[in-house]
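Novice: Sequence:
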Amino acid sequence: MSLLFLPLTLIIYYSAVKLYKRFPNPLLAPFLISLVVIIGVLLITGIGYSNYQKGTKALTFFLDPGIVALAYPLFTSLSEVRRQFIPIITCVVVGAMVGIIVSIGVLFLLGANAQMLATIAPRAVTTPIAMEVSRMIAGKPGLTASLVIIAGLFGSVGGFSLFKLLKVRSEAAMGMALGCASHALGTAKAAEINPKIAAFSSIALILSAITTALLAPVIQWIIHFLTQS
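Taken in order, the sequence shown gives residues 2 to 230; the numbers are from the numbering used here.
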């Protein structure tokens, strides 16, 4: 049975792409539609996620190369990114720090325990890095991954609509926002629309991941200080 999951997933995604091309609505984004349909199939059939995961290992294998491929727009716009590198790195580092502190602070005020604080703190980077940082600081990596995916979905589905509403026209600003907030899904969406936006999104994704990984000991200390004081 698990052998059917790979072709089924490919068929569902292909159908979702065709649907989106026919009706280009953000709510019909291929990733979102595929996710909903696959969850529905698993619930209806009563098949566990572990069995589905076994049948789609080939797709999982291509996840990391797929993320690396998102760096291609960065390569094609490298000279432009290099000219603005100092503002970019400043924006990403400050943004990552503020995001982590605000997330921890709000949850702490709401009464969250240390493990929950550690789980949500690294949610603003791409899934593999977020899970590893969560593991390092005693969070729940699986839940962290879910939060990362939710954030990515919001940015991928509604990011450009929000930019239009707020009249954001800067390619650099849009790319940085997507890369920092919506990670790989946001960058993939940017690659569909504008290579320059995708380039800035790629560099933001990379720098945000590095910053969060380096800040892991500091995050752990902050959580310990808040929960033990």
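Keep in mind the hints are simulated off the structure, nothing from the lab. Don't take every hint at face value.
[Said to hold, decoys possible] 16 Å max Cα-Cα, derived EDC-like pairs, lysine to aspartate or glutamate:
{"id": "1", "residue 1": "Lys197", "residue 2": "Glu172"}
{"id": "2", "residue 1": "Lys197", "residue 2": "Glu81"}
{"id": "3", "residue 1": "Lys19", "residue 2": "Glu172"}
{"id": "4", "residue 1": "Lys22", "residue 2": "Glu193"}
Novice: For each hint, tell me whether it holds in the structure or not.
Specialist: Quick rundown of the hints versus the structure:
1. Lys197 / Glu172: With a Cα-Cα distance of about 7 Å, the restraint between Lys197 and Glu172 holds, given a limit of 16 Å.
2. Lys197 / Glu81: Holds - the C-alpha atoms of Glu81 and Lys197 are around 9 Å apart, at most 16 Å.
3. Lys19 / Glu172: The hint is violated at about 27 Å.
4. Lys22 / Glu193: Status holds; Cα separation ~12 Å.
Consistency with the previously given hints fails for number 3 only.
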